[in-house]
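**Q** Those sequence lines, one after another, are chains Y and R. Per the working numbering, residue 1 is the first one in the first sequence, and the count goes up by one each step. Per the working numbering, residue 1 is the first one in the second sequence, and the count goes up by one each step.
Everything labelled a hint here was simulated from the structure, so no lab data went into it. Keep in mind that the hints are not guaranteed to be accurate.
Distance condition first, Cα-Cα at most 30 Å in a straight line; then the derived DSSO-like pairs of lysine-lysine [as the list claims (entries may be wrong)]:
1. R:45 - R:79
2. R:97 - R:42
3. R:109 - Y:14
4. R:42 - Y:9
5. R:79 - R:109
6. Y:57 - R:2
7. Y:71 - R:97
8. Y:57 - Y:9
9. R:97 - Y:57
10. R:97 - Y:9
11. Y:57 - R:79
12. Y:9 - Y:71
13. R:2 - R:97
14. R:109 - R:45
15. Y:57 - R:42
16. R:42 - R:109
17. Y:57 - Y:71
18. R:2 - R:42
19. R:42 - Y:71
20. Y:9 - R:45
21. R:42 - R:79
22. R:45 - R:2
23. R:45 - R:97
24. Y:71 - R:45
25. Y:57 - Y:14
Because the structure is a prediction, the values reported are computed rather than measured.
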Amino acid sequence: NAGVTQTPKFQVLKTGQSMTLQCAQDMNHNSMYWYRQDPGMGLRLIYYSASEGTTDKGEVPNGYNVSRLNKREFSLRLESAAPSQTSVYFCASSEGAGSTYGYTFGSGTRLTVV
Amino acid sequence: RKEVEQDPGPFNVPEGATVAFNCTYSNSASQSFFWYRQDCRKEPKLLMSVYSSGNEDGRFTAQLNRASQYISLLIRDSKLSDSATYLCAVNPTGGFKTIFGAGTRLFVKA
Numbered sequence: 001n002a003g004v005t006q007t008p009k010f011q012v013l014k015t016g017q018s019m020t021l022q023c024a025q026d027m028n029h030n031s032m033y034w035y036r037q038d039p040g041m042g043l044r045l046i047y048y049s050a051s052e053g054t055t056d057k058g059e060v061p062n063g064y065n066v067s068r069l070n071k072r073e074f075s076l077r078l079e080s081a082a083p084s085q086t087s088v089y090f091c092a093s094s095e096g097a098g099s100t101y102g103y104t105f106g107s108g109t110r111l112t113v114v
Numbered sequence: 001r002k003e004v005e006q007d008p009g010p011f012n013v014p015e016g017a018t019v020a021f022n023c024t025y026s027n028s029a030s031q032s033f034f035w036y037r038q039d040c041r042k043e044p045k046l047l048m049s050v051y052s053s054g055n056e057d058g059r060f061t062a063q064l065n066r067a068s069q070y071i072s073l074l075i076r077d078s079k080l081s082d083s084a085t086y087l088c089a090v091n092p093t094g095g096f097k098t099i100f101g102a103g104t105r106l107f108v109k110a
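Bound conformation, chain R alone (with noise of 0.2 Å):
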């Protein structure tokens, strides 16, 4: 089992969805959580770090499941910009060792 899994998509929606990736981690101990954006051909970008209590920022939701050991995120009112590839990070250490899933495509369409 990988360390850090998700659902490669690609998720396909149309402008204004409300929509949810899931990153699944196999070590309970870990102890960071993170979200990045990659676009086509580019570097992966922070979007928000993940905590116990969940988070938001503006359209965009985070939220761990510590039991069920996975992390959320949620976009509302999707837009076509929000188009683009989103990487779960997880630190199971709190050390220097973050480990990447391989990402969720997503596409929204007008």
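For reference, chain Y alone in the conformation it holds in the complex (with noise of 0.2 Å):
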């Protein structure tokens, strides 16, 4: 089972540039989450798909936006990249909500806006 799998694992973009992070799983989970992650923060949740058809804000959503393009797929948009925007970035699924039954996460996309 490959699990959660992400990509680009790098990407290198220079501001006012776009790009879409990939992420598929292949657990049949239901709901798929994307974090980032920055030194001393923590995992910020930028979205999340409870279930295929819908998405939510998380904490951390401006300059983002997602699709959830089917069960397997959900993907995360920076339309006009921005130094801030450099982190690390992991895509996440989980069976249910992830209260009961936690998270798998892909390996990380690493991200730096210049």
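Put the two chains together into one complex; each comes in its own frame, and the hints tell you how they fit.
**A** Set out below in structure tokens:
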């Protein structure tokens, strides 16, 4: 089982460029999440999708958009990248609400915006 | 006050030692609690859930203290391979917004 797969693993963008981070899970999980991790700040929720067809804002949604393409795939888009979006991005999935099951994370995308 | 707080450490312990970490949370109504392990430049991996009655998995024991609003992780007989960052996670509402602590770094030395 691949679990949660994220692409790309590394990316360097110039300020103002756009990009989409891809995430796919093969565990038949209903819920998917995007987090960012910055030094000293822990993981912060950007957006989540409770189930196919729904998306909701998390703690830090500004500057991002998401698409739940189908049950397997949940993408994160940066429309106009800013240096403040330099971070490590993790996609995660869970069988249901994370309150019960905990999360499975992808290996992360290291994004640098210059 | 942060919703979930951890001592960043680092905790430096010799092999075979017992070490414990605490994680405090601010929302007294929080319902679910977890410990994750994160190796350097890797993704977090679920270590264990924390139940009201406490739970144990081999050398690892997790406990919940609702009165004082903290969870703890105890590692017995530390191994070199236990060196990692340990993240606590709290779900305040039972929904989809789990909050993570910034992590506690552990170094186990020979």
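**Q** Confirm or reject each hint.
**A** Outcome of the hint check:
1. Distance hint between residue 45 of chain R and residue 79 of chain R is fulfilled; the C-alpha atoms sit about 18 Å from each other, no more than 30 Å.
2. Taking the CA atoms of residue 97 of chain R and residue 42 of chain R, the gap is about 22 Å. The hint holds against a cut of 30 Å.
3. For the hint pairing residue 109 of chain R with residue 14 of chain Y, the CA-to-CA distance comes to about 41 Å; that exceeds 30 Å, so the pair is violated.
4. Among the hinted pairs, residue 42 of chain R with residue 9 of chain Y is consistent with the structure: their alpha-carbon atoms are about 11 Å apart, no more than 30 Å.
5. Only pairs whose Cα atoms come within 30 Å are accepted, and residue 79 of chain R paired with residue 109 of chain R is accepted, the gap being roughly 8 Å.
6. With a C-alpha separation of about 20 Å, the suggested pairing of residue 57 of chain Y with residue 2 of chain R holds against the 30 Å cut-off.
7. The hinted pair formed by residue 71 of chain Y and residue 97 of chain R meets the criterion: a straight-line CA distance of about 19 Å does not exceed 30 Å.
8. Proximity of residue 57 of chain Y to residue 9 of chain Y is assessed by CA-CA distance (about 24 Å); at most 30 Å being required, the pair is judged to hold.
9. With a C-alpha separation of about 10 Å, the suggested pairing of residue 97 of chain R with residue 57 of chain Y holds against the 30 Å cut-off.
10. As the CA atoms of residue 97 of chain R and residue 9 of chain Y are separated by approximately 25 Å, the hinted pair is consistent with the 30 Å bound.
11. As the CA atoms of residue 57 of chain Y and residue 79 of chain R are separated by approximately 40 Å, the hinted pair breaks the 30 Å bound.
12. Taking the CA atoms of residue 9 of chain Y and residue 71 of chain Y, the gap is about 22 Å. The hint holds against a cut of 30 Å.
13. Only pairs whose Cα atoms come within 30 Å are accepted, and residue 2 of chain R paired with residue 97 of chain R is accepted, the gap being roughly 15 Å.
14. Taking the CA atoms of residue 109 of chain R and residue 45 of chain R, the gap is near 22 Å; set against the 30 Å cutoff, the hint holds.
15. Between residue 57 of chain Y and residue 42 of chain R the CA atoms are separated by roughly 25 Å; this keeps the pair inside 30 Å, and the hint holds.
16. Between residue 42 of chain R and residue 109 of chain R the CA atoms are separated by roughly 21 Å; this keeps the pair inside 30 Å, and the hint holds.
17. At most 30 Å may separate the alpha-carbon atoms for a hinted pair to count; residue 57 of chain Y and residue 71 of chain Y meet this at roughly 18 Å.
18. Restraint check for residue 2 of chain R and residue 42 of chain R: the C-alpha separation of about 24 Å stays at or below 30 Å, so the hint holds.
19. Distance hint between residue 42 of chain R and residue 71 of chain Y is fulfilled; the C-alpha atoms sit about 25 Å from each other, no more than 30 Å.
20. Distance check on the hinted pair: residue 9 of chain Y and residue 45 of chain R sit about 18 Å apart at the alpha-carbon level, within 30 Å; holds.
21. With a C-alpha separation of about 19 Å, the suggested pair residue 42 of chain R and residue 79 of chain R falls inside the 30 Å cut-off, and the hint holds.
22. Distance restraint check for residue 45 of chain R and residue 2 of chain R: the Cα-Cα separation of roughly 23 Å lies within the 30 Å cut-off, and the hinted pair is therefore satisfied.
23. A C-alpha spacing of about 17 Å is found between residue 45 of chain R and residue 97 of chain R, which places the hinted pair at or below 30 Å, so the restraint holds.
24. The straight-line distance between the Cα atoms of residue 71 of chain Y and residue 45 of chain R is roughly 22 Å, inside the 30 Å bound, and the hint therefore holds.
25. Taking the CA atoms of residue 57 of chain Y and residue 14 of chain Y, the gap is near 25 Å; set against the 30 Å cutoff, the hint holds.
Consistency with the previously given hints fails for numbers 3, 11, ordered from lowest to highest.
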